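Undergrad: Counting from 393, one number per residue, gives the positions in the sequence shown under our numbering.
Worth double-checking, as some hints may not be accurate.
Unchecked claim - With a cut-off of at most 20 Å between alpha-carbon atoms, the simulated EDC-like pairs for lysine to aspartate or glutamate come out as follows: (1) K659 with E631; (2) K674 with E800; (3) K483 with E598; (4) K743 with D795; (5) K541 with D795; (6) K743 with E800; (7) K659 with E669; (8) K674 with D795.
Everything labelled a hint here was simulated from the structure, so no lab data went into it.
In this text, all values refer to a predicted model and were calculated from it rather than measured experimentally.
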Amino acid sequence: MTTSVPAAPETAAAAARAAGRRRRIALAIVLTAAFMDLVDATIVNIAIPSIQRDTGATFSAVQWVTAGYALAFALGLITGGRLGDIHGRKKLFLLGMGGFTLASALCGFAAGPGMLVGARVLQGAMAALMVPQVLAIIHVTFPAHERGKVFGMFGAVIGLGAVCGPLIGALLTEGNLFGLEWRPIFLINLPVGIAGILLGRRFLTESRAPRALRVDLIGTALATAGLLMLLYPLTQGRESGWPLWGFVSMTASPLVLAVFVRYERAKARKDGSPLVELPLFKVRTFAAGAGVQLAFGVVSGLFFLVWTLHMQLGLGWGPLHAGLTGVPFSLACSTAAGVSVQRLVPRFGRKVLQAGALIMLSGALVYLWEAGRYGTALESWQLAPAMLLMGAGMGLIVAPITDTVISEVPAEHSGSASGIFNTTGQLGMALGLGLSSVAFFGVVGDTGQPGGAGAGAGAAAALRASFVDATTHALWWVCGGLVLVFGLLFLLPRRIRAQEAAEPAAPEGGAGPEQRQPALVP
Numbered sequence: 393m394t395t396s397v398p399a400a401p402e403t404a405a406a407a408a409r410a411a412g413r414r415r416r417i418a419l420a421i422v423l424t425a426a427f428m429d430l431v432d433a434t435i436v437n438i439a440i441p442s443i444q445r446d447t448g449a450t451f452s453a454v455q456w457v458t459a460g461y462a463l464a465f466a467l468g469l470i471t472g473g474r475l476g477d478i479h480g481r482k483k484l485f486l487l488g489m490g491g492f493t494l495a496s497a498l499c500g501f502a503a504g505p506g507m508l509v510g511a512r513v514l515q516g517a518m519a520a521l522m523v524p525q526v527l528a529i530i531h532v533t534f535p536a537h538e539r540g541k542v543f544g545m546f547g548a549v550i551g552l553g554a555v556c557g558p559l560i561g562a563l564l565t566e567g568n569l570f571g572l573e574w575r576p577i578f579l580i581n582l583p584v585g586i587a588g589i590l591l592g593r594r595f596l597t598e599s600r601a602p603r604a605l606r607v608d609l610i611g612t613a614l615a616t617a618g619l620l621m622l623l624y625p626l627t628q629g630r631e632s633g634w635p636l637w638g639f640v641s642m643t644a645s646p647l648v649l650a651v652f653v654r655y656e657r658a659k660a661r662k663d664g665s666p667l668v669e670l671p672l673f674k675v676r677t678f679a680a681g682a683g684v685q686l687a688f689g690v691v692s693g694l695f696f697l698v699w700t701l702h703m704q705l706g707l708g709w710g711p712l713h714a715g716l717t718g719v720p721f722s723l724a725c726s727t728a729a730g731v732s733v734q735r736l737v738p739r740f741g742r743k744v745l746q747a748g749a750l751i752m753l754s755g756a757l758v759y760l761w762e763a764g765r766y767g768t769a770l771e772s773w774q775l776a777p778a779m780l781l782m783g784a785g786m787g788l789i790v791a792p793i794t795d796t797v798i799s800e801v802p803a804e805h806s807g808s809a810s811g812i813f814n815t816t817g818q819l820g821m822a823l824g825l826g827l828s829s830v831a832f833f834g835v836v837g838d839t840g841q842p843g844g845a846g847a848g849a850g851a852a853a854a855l856r857a858s859f860v861d862a863t864t865h866a867l868w869w870v871c872g873g874l875v876l877v878f879g880l881l882f883l884l885p886r887r888i889r890a891q892e893a894a895e896p897a898a899p900e901g902g903a904g905p906e907q908r909q910p911a912l913v914p
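Work out the full structure, taking the sequences as your base and the hints as a guide.
TA: Here is the structure:
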């Protein structure tokens with residue numbers, strides 16, 4: 393009797409090839425989701441003038457279109473990660489992607505500014521469920537020896553999104569596909585999201601944390617209430633004539649946040665799973681780094697909104713013209729980010745970040761001088777030096793900042809520290825967008841509102857001039873913020889100390905050490 397023995401080496405090789413193919417498809421799915429989120433966070437700015445013209449949105453509504461997304465995303469990041477640890481990262485990723493796709497459809501078919509703002513808040517909340525799972529899924533999908541290459545690919549996608557976001561927004565808005573004006577910037581997510589859900593169901597592997605922290609819903613509610621009590625009157629107050637209730641709300645906001653801090657301490661004593669690990673702020677470099685991240689977020693949120701409105705409403709450029717003008721910024725940022733992490737920071741430490749702040753400050757001053765000198769006659773090529781300086785300066789800061797700060801945190805707390813740190817940057821961006829009411833829109837006044845200024849060439853010229861004046865005023869705020877960032881950077885360690893663990897542990901709360909991607913990307 394003859395017995396046939398299967399060729400074990402061939403079978404094993406085929407199985408390995410199938411597993412590798414499955415991992416590559418899973419990687420493509422989660423990287424596409426990360427790219428979609430990043431592009432959606434940056435694509436909107438370039439379409440804001442078109443949104444305002446088409447919907448009649450007020451300036452405060454325009455601010456909430458961007459700030460609502462940033463705030464919902466920031467407040468949900470840690471909670472979204474913990475939900476993935478508890479209920480399964482694949483499940484939360486697909487839920488987040490489905491919700492993000494639905495919210496994108498609601499944005500694209502929004503009947504008015506109120507619906508658009510609500511859909512953007514929902515979109516940010518769904519991104520907070522989806523995004524924290526991306527790197528956690530990568531971590532459990534790929535063996536240790538492949539993760540370095542995969543995380544490098546993730547960084548490349550982040551850089552590509554920074555370059556492509558404004559350009560995609562400009563092309564879709566300028567193209568006016570099917571007469572839909574700005575709406576395709578959201579509707580483009582529908583086929584991508586549906587494909588991601590279908591493929592994700594098949595190729596993603598489910599995973600959970602062996603010891604997951606509990607969800608802190610009360611802490612999230614207190615933090616949300618405290619921040620909204622500050623941001624809502626700050627954003628709406630100017631259009632409402634700065635009523636008394638706004639000042640009462642802003643004054644009470646620190647009190648609510650103080651209650652949040654006390655509750656977090658009690659929560660830590662009770663079950664060890666607060667939303668924010670407050671003892672981390674006893675580490676001086678972490679507290680200073682969080683201050684840097686918050687201040688830099690404010691600067692970034694304010695600058696990108698002002699820059700977009702200056703180019704289109706102040707200089708009269710179309711979306712594509714404005715998008716192409718931003719290419720030097722994006723390329724300089726991506727290039728400087730790569731050089732800073734790989735070569736400069738290991739050799740010069742925090743001096744690289746301080747140089748970045750000074751370079752970015754010099755770019756803001758050049759921009760301010762050019763805007764004041766040329767007014768509404770400013771050309772793209774004249775703006776290019778300022779864009780290169782600001783982009784290079786930002787790249788020197790955003791890429792290494794997280795590792796520089798987390799390096800002084802004990803290794804067992806680095807996951808929570810990374811999650812808090814990235815959340816702080818997003819909150820800063822939301823605050824910067826809120827401050828634009830005072831720094832930018834307060835100078836424009838009511839003439840920039842839909843129907844605020846009369847028709848005619850003279851009125852149009854006056855309107856454009858008012859946006860230029862508002863830009864120069866806001867740029868002084870940006871310069872002041874960068875000076876603050878430069879000062880706070882002195883509190884960071886001179887050198888980056890390597891983490892004790894050679895291989896980062898699986899992330900808790902979806903915010904492990906391996907999630908040190910830049911939180912602020914143009």
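Undergrad: When you check the alpha-carbon spacing of K541 and D795, does it fall within 20 Å?
TA: Holds, at roughly 18 Å.
Undergrad: Is the straight-line distance between the alpha-carbon of K659 and that of E669 20 Å or less?
TA: holds (10 Å)
Undergrad: What's the verdict on K483 and E598, does the C-alpha distance respect the 20 Å limit or exceed it?
TA: holds (7 Å)
Undergrad: Taking 20 Å as the top limit, are the C-alpha atoms of K743 and D795 close enough?
TA: holds (14 Å)
Undergrad: Given the hinted pair K743 and E800, is their Cα-Cα distance within 20 Å?
TA: Within the cut-off at roughly 17 Å; holds.
Undergrad: Given the hinted pair K674 and E800, is their Cα-Cα distance within 20 Å?
TA: With Cα atoms ~11 Å apart, K674 and E800 stay inside 20 Å; holds.
Undergrad: Decide if the proposed pair is consistent with the structure: K659 and E631, CA atoms, cutoff 20 Å inclusive.
TA: Distance ~39 Å between K659 and E631 Cα, so the pair is violated.
Undergrad: Would the pair K674 and D795 pass a check requiring their Cα atoms to be no farther apart than 20 Å?
TA: holds (18 Å)
The structure fails to meet hint 1 from the earlier list, while all remaining hints are met.
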